[in-house]
Each structure stands twice: as C-alpha cells, then as structure tokens.
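K.L.:
Okay, here's what each chain looks like letter by letter:
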Amino acid sequence: MNVALPTLILFVVLLPGFIFRSGLKRAERTSVDFSPFGRVVAEAVLWAILLHMAWIIISHLAFAREFEPVVLMNLISSLPTTQAGAAQRVGIEFRPIAAYFISLLIASHVVPMLIRSAISRYRLDRDGAPLSTIFRFHDAPWYYLLTGADFPEGQQPDLISISAIVEVAKEAVLYVGFLDDFYFDSDGQLDRLILQQVSRRPIANDKPTGPSTADQDTGRFYPIDGDNFVLRYSEAITLNVQYVKLTAARAADDDLPVIPTR
Amino acid sequence: MKALKSKLASQLLADPAASGQLRDFLVNRNVSDLRQQAPADQFVIRSKDGKVTVRASVVPKAKAA
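Chains R and S, in that order, are what the protein sequence lines are.
Numbers 1 to 262, taken from the numbering used here, label the letters of the first sequence in order.
Numbers 1 to 65, taken from the numbering used here, label the letters of the second sequence in order.
Only chain S is shown next, with the shape it has when bound in the complex (with noise of 0.2 Å):
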C-alpha cells in the first residue's frame, strides 16, 4: 500500500540536496539544545520548472492534533 506522500515531498525528494537536507532537520532537530545553531526547517527544491522554498514541521498524531 502506497504511504502518505504529497506532491510536494516527492518533488523534495526528487531533490537530493533538499532531500538531504531535510533528512538533517530530522535526526537533528532534537539534539539542537546541544548546540549553538538550530537545523534549518527551510530547504529550495530546484527542479526543471523553477525553485520552490518549502518549510518543514514535524506535526503531532492526528488525534492529538
């Protein structure tokens, strides 16, 4: 069964650079207290149609929500 997975975070993953900065914001973003800079939540897709800036949150459980 395909995973929830928008339009907008494929075109991100198409990206390996915004990709892979995401990916840092992820496994990083908790251990940012420990450190002087946080992780940067905003990343530039680039793709043949232009750039896009895209801002990433971790959002809790839907029923939380």
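Isolated chain R (complex conformation) (with noise of 0.2 Å):
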C-alpha cells in the first residue's frame, strides 16, 4: 500500500485545530458547514498552531520533552532516504508522540465544550457585552432571540409568549402561545416550535365596530385544548415575539387577596 506520508502527517498536525475550531461554534446547523473554504482553513490552522504551542510549552515544563521541528521537516520531505530516517525517529518516541496527540486530541474536542459553556454562563456574547464581538455565536440568531440570552444577568425575563399568523383555509389566524421549545433543520433554518397554553382566533374578528367589552376581547380567542401545540416555522406569515418577566411576592395563604379566577 502506497501512503502519501506528509499529507498524513499534515492532516494529523492540522487536526485539532479543525476539531476545535468546529467545537467553539454555537451553530443551529447540522449539515455541512458552508463558511468559505479560505476561512475554515484559516482559523483551523491557527488554532492547530495555538493548540500545538500550548501543548510543546507543557510538554517541555511537565515531561521535559523537547519538539525536534527537524524531525517534522524530514518526515514531510520528499526524499525516501532523509523521511526514512525520521520515521525511525518517531518509531522510537512512538508512545511520548503517541500520548502527546491522543491528549491533544481529546483536549482539542473538551476544551472547546468548556470555553462555550463559560461564555454562554458569564454572559460575554449577549448583545452590549464588553467582548460580545469576539465571543458572540454568530451562526445562531434564534439562539439569542428564543432563549433570552442577550439579556444580563439577573434581568432576564420569565418566559416568552409567541404570536403567529398563519393561513387556514385561504383565512388568516392568530396563535397565540407560550414557548416551550424549538428545532432546527438541517441548514439551520428555525423547522418548528412548540407552544403551550395556545389559543386562536381568525384576524377578520380584529374590527371591533364600537367600544369592546372584556368578554368581548376575550371571546374572540378560543383556547385550543392539548399540552404541545407545535407550530411549523414554514407554514407562519409573521411571527410576533414577546418577552414576559413575572414578579413574584409569595404570602401568607389565607391572607392573600385571590383574584377570581374564570
């Protein structure tokens, strides 16, 4: 079998930066990413540089191994005899070399996780953050809109109440809901959403003629029985989006003024 080894040798050098670069992403998207290809590389190859840098200083100051980049030259050289020697090198530092990409690796799949879930915790991508350029997901709008996640700590709403139209039977119709979750397709693009507590009612109801009433207002909706009402994306005119904050006070039970339910 005839192995092109510096093009092995390259993939595996440039590897994690391709790992890490794609675990950092907060993307909707499952299918292939579609950035432009100079860029991709770009940012891969950085990170691999990083990566390897952290990993040469580390290796230095814990197990006092030092990178030998002439062994690495020869082993991407062209010239039978001169790569023949340097993997004979490797050969003999397999396990060091072995272990040095294994945890590399590893760390180039977990440390990205980590670095994700701290800049989602602390806030440091929401819209107005100091580092927002630098640490804002980019690929995920929806992210941001639907999860309240642009609000700061400690301001931000309870729930969120979703407001659609969408065409029934040549007719307009108003949903009105509570948003419990949503999925994305493949490319990324919002897919459905799943509402609770929904109610409807046709748009042509919306021109009161004189002075309304509340059980006017109220009776133009009519509840739709269900726990999970899922709404398709595709299938929505307009999709209104309203962030609710409750403000809760608890109190004695028996003393606290009920409001009448219906």
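It should be emphasised that the hints constitute simulated quantities derived from the structure, not laboratory data.
Note that CB positions come from ideal geometry on N, CA and C, so glycine has one too.
There's no promise every hint is true.
Unchecked claim - To give an idea of the interface, some chain R residues facing chain S are shown, with a C-beta separation under 8 Å as derived from the structure:
id, residue
1, 26
2, 97
3, 100
4, 139
5, 147
6, 157
7, 158
8, 176
9, 221
10, 222
11, 234
12, 240
13, 242
What the hints assert, rightly or not - Simulated crosslink set (PhoX-like; lysine-lysine; CA at most 20 Å straight-line):
id, chain 1, residue 1, chain 2, residue 2
14, S, 48, R, 245
15, R, 245, S, 61
16, R, 170, S, 7
17, S, 51, R, 25
18, R, 245, S, 51
19, S, 2, S, 51
20, S, 7, S, 48
Could you use the hints to bring the two separately framed chains together as a complex?
P.N.:
Shown next as structure tokens:
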C-alpha cells in the first residue's frame, strides 16, 4: 500500500485545529458548514498552531520533552532516505508522541465545549457586552432570540409569548401561546416551535365596530386543548416574540387576596 | 432547544387558572384602551406548596432594555 506520508502527517498535525474550531462554534445547523473554505482553513490552522504551542510548552515543562522541528521537516520531505530516518526517530519515541496527539485531540474536543459553556454562563456573548464582538456566536441568531441570552444576568424574563399568523383555509388566523421548545432543520433554519396554552382567533375578528368589553375581547380567542402545540415555522406568515417578566411575592396562604378565576 | 422558561413560569403554566389569566392579559393588553377595565396583570399560582402571587409585565428586547 502506497501512503502519502507527508499528507498524512499534515492531516494529523492540523486535525486538532479543525476539531477545536467546529467545537467552539455554536451553529444551528447540523449539515455541512458552508463557511468560505479559506476562512475555515485559516481558522483551523491558527487554532492548530496555538494548540501545538500550548502542548509543546506543557510537554517541555511537565515532561522535559523537546520539540524537534527537523524531524517533522524530514517526515514531510520528499526524499525517501530522509523520511525513513525521521520515521525511525518517531518509531523510537512512539509512545510519548502518541500520547501527545491523543491528549491533544481529546483536549481539542473538550476545551471548546468548556469555553462555549463559560461564554454562555457568564453572558460574554450577549448583545452589548464589552467583548461580545469576539465571543458572540454569529451563526446562532435564533438561540439569542428564543432563549433570552441577550439579557443581562438577573434581568432575564421568565418566559416567551409567541404570536403567529398562519393561513388556514385562505383565512389568516392568529395563534398565541407560550414557547416551550424549538427545533432547527439541518440547514439551521427554524423548523418548528412547540407552544403551550395556545389560543387562536381569525384575524377578521380584529375589527371592532365599537368599544369592546373584556368578555368580547376574550371571547374572540378560542383556547386550543392539548399540552403541546406544534407550529411549523414555514407555515407562519409572521412571528411576534414577546418577553414576559414575572415578579413573585409569596404571601401567607389565607391572607392573600385571591384574584377570582374564570 | 429548550426555550427560555424560569421555574416560576413553569409553576404558572402548570396552574390552568393562572396560565389562563396570563394568556388573557397578554392577548388583551393592547385593547385595554377600548374598554373601561384593564386586564389584570396579577395572578395567583396555586400549587401543593401554597400560593404565590405574581405580577406579569412585558419587557422590551434586551438591546433596548
């Protein structure tokens, strides 16, 4: 079997950069990353260089191992004799080299997850944060809209109310409910929303002829039975998002002025 | 992906009466000027742990907040 050893070596050397880059991004698609090829490669190579620098320093400090660039250069050389000599050196030091690359690959998978988690935890990516241009996940707009990630810590709303207009039998119908969950398709487009406590009304009922009463306003909406209402995003003509803040005040059970329920 | 929903909001949605009131508040909030009485923005959540009064308000988008 004829193996293009230099290509294989370059692949192994650059692979941690590609893994690290894809792990660091919060993207809403599961299909192929359609970012420009040049940008992908440039970012991956940059991350690979930084990761190798970090690992080489750790190897030097913790294990007194020195990086020998000549061996690497000889490995990717086109001269078979030079390559064979370098391969022999690698064979002698196979265990530490294998440990180096295995630990680097594991780290390039785990570290970005931790970084991403810390960015979200401390809201470094929220709109208006000092370093948001660096930390913001630009490929995840729905994430920011529907999880409230743009709100500062402590000022987050409690839930999201969704109003959507859907055409049913050539008639526009307004659906209102509370957002519970949302899903994306493989291209990162919003696929469906799961709503709770949904009610609906035809838009045609929006034209009152005179002053309305509370009962009339409420009566225009028809509650929809069921726990989860699935709204396909592709069928929604418009989508309105409202953030609702709830302020609680626990009171003694019997002293509480209870608002009459319907 | 799970949407934004606090523990308090989950408690409220688990109470049919309170969640119905919240829904009425949201859908009628903008038509309150057409009638005498504004929709109540305060609800009572009843659960096995007791009662909690909550006040609801619609907050602006984070950037404008």
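K.L.:
Hint by hint, which ones does the structure fall short of?
P.N.:
1, 2, 3, 4, 10, 11, 12, 14, 16, 17, 19
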